[in-house]
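Chemist: The chain contents come next:
Number of protein chains: 2
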Amino acid sequence: MNSESRGDGKLRIALVGCGTVGSGVIRILRESTRLLELRTGRTFELRYVVVRDRSKQRPVSLEGCQVITDVDPILRDSEIDVVIQVMGGIEPARTRMLQFLAAGKDIITANKALLHAHGQELFEAASRADKTICFEAAVAGGIPIIATVTQSLAANRILSIEAILNGTSNFILSRMLDCGQTYEEVLREAQDRGYAEADPAMDVDGTDAAQKLAILTQLAFGTRVQLTDIVRQGIQNLELQDLEVAAELGYRIKLLATSKLAKKKLEISVQPTLVRSDRAIAQTNGADNIVAIEGDAAGLLRLSGAGAGQMPTASAVVADLIDYASGRAAITFKSLLRMQSLEQVPLLPQEELSRRYYLRMTVADRPHVLADIADILGRHEISISSVRQDETPEDEGEEAVARLVIMTHRTTEGRLRAADQELSSLSSLKGSCIRLPVSD
Amino acid sequence: MNSESRGDGKLRIALVGCGTVGSGVIRILRESTRLLELRTGRTFELRYVVVRDRSKQRPVSLEGCQVITDVDPILRDSEIDVVIQVMGGIEPARTRMLQFLAAGKDIITANKALLHAHGQELFEAASRADKTICFEAAVAGGIPIIATVTQSLAANRILSIEAILNGTSNFILSRMLDCGQTYEEVLREAQDRGYAEADPAMDVDGTDAAQKLAILTQLAFGTRVQLTDIVRQGIQNLELQDLEVAAELGYRIKLLATSKLAKKKLEISVQPTLVRSDRAIAQTNGADNIVAIEGDAAGLLRLSGAGAGQMPTASAVVADLIDYASGRAAITFKSLLRMQSLEQVPLLPQEELSRRYYLRMTVADRPHVLADIADILGRHEISISSVRQDETPEDEGEEAVARLVIMTHRTTEGRLRAADQELSSLSSLKGSCIRLPVSD
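Protein chains in written order, with my numbering: chain D, 1 to 440; chain H, 1 to 440.
Think of the hints as simulated: they come from the structure by calculation, not from any bench. Possibly wrong hints are sitting among the right ones.
[As the list claims (entries may be wrong)] When the alpha-carbon atoms are kept at most 20 Å apart in a straight line, the in silico EDC-like pairs for lysine to aspartate or glutamate are as follows:
| no. | chain 1 | residue 1 | chain 2 | residue 2 |
| --- | --- | --- | --- | --- |
| 1 | H | Lys430 | H | Glu399 |
| 2 | D | Lys265 | D | Glu37 |
| 3 | D | Lys334 | H | Asp8 |
| 4 | H | Lys10 | H | Asp77 |
| 5 | H | Lys264 | H | Glu352 |
| 6 | D | Lys260 | D | Asp229 |
| 7 | H | Lys10 | H | Glu79 |
| 8 | H | Lys264 | D | Asp440 |
| 9 | H | Lys430 | H | Glu381 |
| 10 | H | Lys334 | H | Asp130 |
| 11 | H | Lys334 | D | Glu37 |
| 12 | H | Lys334 | D | Asp296 |
| 13 | D | Lys263 | D | Asp229 |
| 14 | D | Lys264 | H | Glu31 |
| 15 | D | Lys334 | H | Asp229 |
| 16 | H | Lys265 | H | Asp229 |
| 17 | D | Lys263 | D | Asp296 |
| 18 | D | Lys131 | D | Asp77 |
[Claimed, not checked] Stretches of chain H that chain D covers, calculated by requiring three or more beta carbons in the stretch to come under 8 Å of a beta carbon on chain D:
| no. | segment |
| --- | --- |
| 19 | 35-47 |
| 20 | 133-147 |
| 21 | 311-318 |
| 22 | 331-340 |
| 23 | 353-360 |
| 24 | 426-439 |
Each residue gets a CB set at the ideal place from its N, CA and C atoms; glycine is no exception.
Okay, chain D solo, but in the shape it has when bound (with noise of 0.2 Å):
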């Protein structure tokens, strides 16, 4: 029996993950309570959370709620209205959520990965239960980017989507520029200070962005996008003279997730890109997050802020509370459910995407380099822009290297992949060429 047919409009909600996020929610849910219930019209009674290990000591007090450490109780209990799903992974979260629909819970989840993985699955188990998932806080975090695709640009057909969607490798970027660090030093110290996780390899390598690009892609496009879809590539190859360099040519590198309308299709990739230095997204900077989205009737739009960490995280996550609450959430999602008979876009064929490119090579300070290269490249119709390679000092022993940048004219990904391969058999190259498009 839930608060719908009991009536007396009071929320039983159940918290599954006490970590950051999980006890950032339960501050708002104990500091703001008036407020909420202002908001909302209703009472709120946090009745369960589920923790891994009872006994650790929590920022928070969990005074009146069960401690739970096994989802049965919440499974058994008709009174629990709406499940706060804010663990992480895709097991055993999927299997929950999935239990948790059926037993006729709604949910609120923060989990980007297992949305991405398995969110069609999970959208029709909540269609089949008449139950709503509301997903504010897997996207961005404190920004609300869902909202704004799903209802404020709802009478605009989306043009294109660019975004910095992982906060990490933006710090990372940032700093080694602001500091002339390298990859390594900052990453250690984002470690040290608890910025960066243990093992950041999601978040360097573009995996956390392009699962928040996919999110993002399928309610701005209607497209359903797999990981294997997207143009993918980290920032753990980056070095410290590519930002430098990048900035004397009037650009800064940011780990940039795009999806946009070209020729009717969707070109979608998440790369280190350079962006012009007096764009918003050139100039965000830190851990921010930034979205610029552009529709056809509002014209671009930016959204800026925290886009991780404990509190704009909980604020997006009780801002669905609140929504839920309200009744608001419900329509929203049945909303949802119908755009998605709506025309996917189909996707650009990775080979077609069109972008200016930047190139940079370590190569052997020796005759006919240069001339080897601009000939691969102009066999594959790559036409060269600007070429720029500085005087090395002339050394005895060990073969001298010098450092040549590229930036090609607009050309395909196809072309550069086909002449990076040939590049790649020459001799005088020493490492691989380091290949980021440019944004215009």
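Fit chain H to the supplied structure of chain D, relying on the hints for placement.
Modeler: Showing chain H alone in chain D's frame:
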């Protein structure tokens, strides 16, 4: 008999005003029929369009609508669910809106002047009639700031709002600095191109921004604000040299609308303000608007984009229509009415506003002038942070004048007003002292 009692799911609409924004609304209704139906699960009929002149040619087809010059047919037609009111000014807009509400029609409006001046009366009338007023388009056009404050940040206590809310004055300030033109030159160009009204007084004197800020302030802090409560100053007296000197000091001058908590009271002002060049607000150029809003949980969130213009404003109006048709808007409006019972944050008296200031004076280039000015400031306990007087060419003939720029340490508006009065009685001061706050 409205759509609910009819139960056919079709929404009957009347549009009052068919100028720039009204035509944009019709364009979206015509071109995005299927999108709107999927979003809402309903169909739409635009039954009436109220115009001033029926013979006027319009950029959109009014086929299928009854084009009328009087609102009586709408009041008498019990099938009309909602009225979209996109006419400006206070009367007859106010009387009509009250009539529509009394006749059982819900309202979507973009009229910020009316909402600011008579919002309370209109909200009470809507509450009595159990009707809804939607007004996303009234503040910052295509930027979803009303939804952000009332829904996305619903779990937050708002700490501050800093915003550029008037596109015309932002265009003028950006253009003056970029092109080295005077205020008058840029204004004339903006009027020729149709960016600025023939009578731009409300835009450039801060009235328009102050009306919008008052609406945001009530939503964010609960505080009802009259225009006279707001420390308000326009851009008309700024000279190109102010923008240039500020730029040299590392600032941009923006017509900044500010509401922020200070000592548990509310500081509220609309003034040309020096903003550090590296901040997003300083980098918001042309006719764009930006709102930087800080919540206690979400942190600092920034939204920027087109704050006016046909399609951005129409985008916000139709977003409201979708929200209304889906049933969300009625829920949100009831929540706003409940929020009015929250305690209002009291206003800080204007004299107690505490900021750093930029002072620019044109003074006679003769002995003891600086001493006189420094003495007046010192006696009012205004501490000088930096002084800048550039060399004046020694010239025969009429008395030479010099430009004096003083940056103060943090001080109060009251002290500066008192000092200003004394300064203006100095015979060595030519014209008035330009006094602008600095936003830290």
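Chemist: Look at each hint and say if it fits the structure.
Modeler: Right, here's what the structure says about each hint:
1. Lys430(H) <-> Glu399(H): holds (11 Å)
2. Lys265(D) <-> Glu37(D): Violated - the C-alpha atoms of Glu37(D) and Lys265(D) are around 46 Å apart, more than 20 Å.
3. Lys334(D) <-> Asp8(H): holds (19 Å)
4. Lys10(H) <-> Asp77(H): holds (15 Å)
5. Lys264(H) <-> Glu352(H): holds (13 Å)
6. Lys260(D) <-> Asp229(D): holds (14 Å)
7. Lys10(H) <-> Glu79(H): holds (10 Å)
8. Lys264(H) <-> Asp440(D): violated (45 Å)
9. Lys430(H) <-> Glu381(H): violated (24 Å)
10. Lys334(H) <-> Asp130(H): Holds, at roughly 9 Å.
11. Lys334(H) <-> Glu37(D): holds (13 Å)
12. Lys334(H) <-> Asp296(D): violated (31 Å)
13. Lys263(D) <-> Asp229(D): holds (18 Å)
14. Lys264(D) <-> Glu31(H): Given pair Lys264(D), Glu31(H) holds - Cα atoms ~17 Å apart, limit 20 Å.
15. Lys334(D) <-> Asp229(H): Not OK: Lys334(D) and Asp229(H) at ~44 Å, beyond 20 Å, violated.
16. Lys265(H) <-> Asp229(H): holds (13 Å)
17. Lys263(D) <-> Asp296(D): holds (15 Å)
18. Lys131(D) <-> Asp77(D): The given pair, whose Cα atoms are some 17 Å apart, holds under the 20 Å limit.
19. 35-47: holds (count 6)
20. 133-147: holds (count 5)
21. 311-318: holds (count 6)
22. 331-340: Three-residue rule met by the segment 331-340 of chain H, so holds; n is 6.
23. 353-360: Result for this restraint: violated, n = 0.
24. 426-439: Coverage by chain D is violated for the segment 426-439 of chain H (0 residues, Cβ < 8 Å).
Hint violations for this structure: numbers 2, 8, 9, 12, 15, 23, 24, all remaining hints satisfied.
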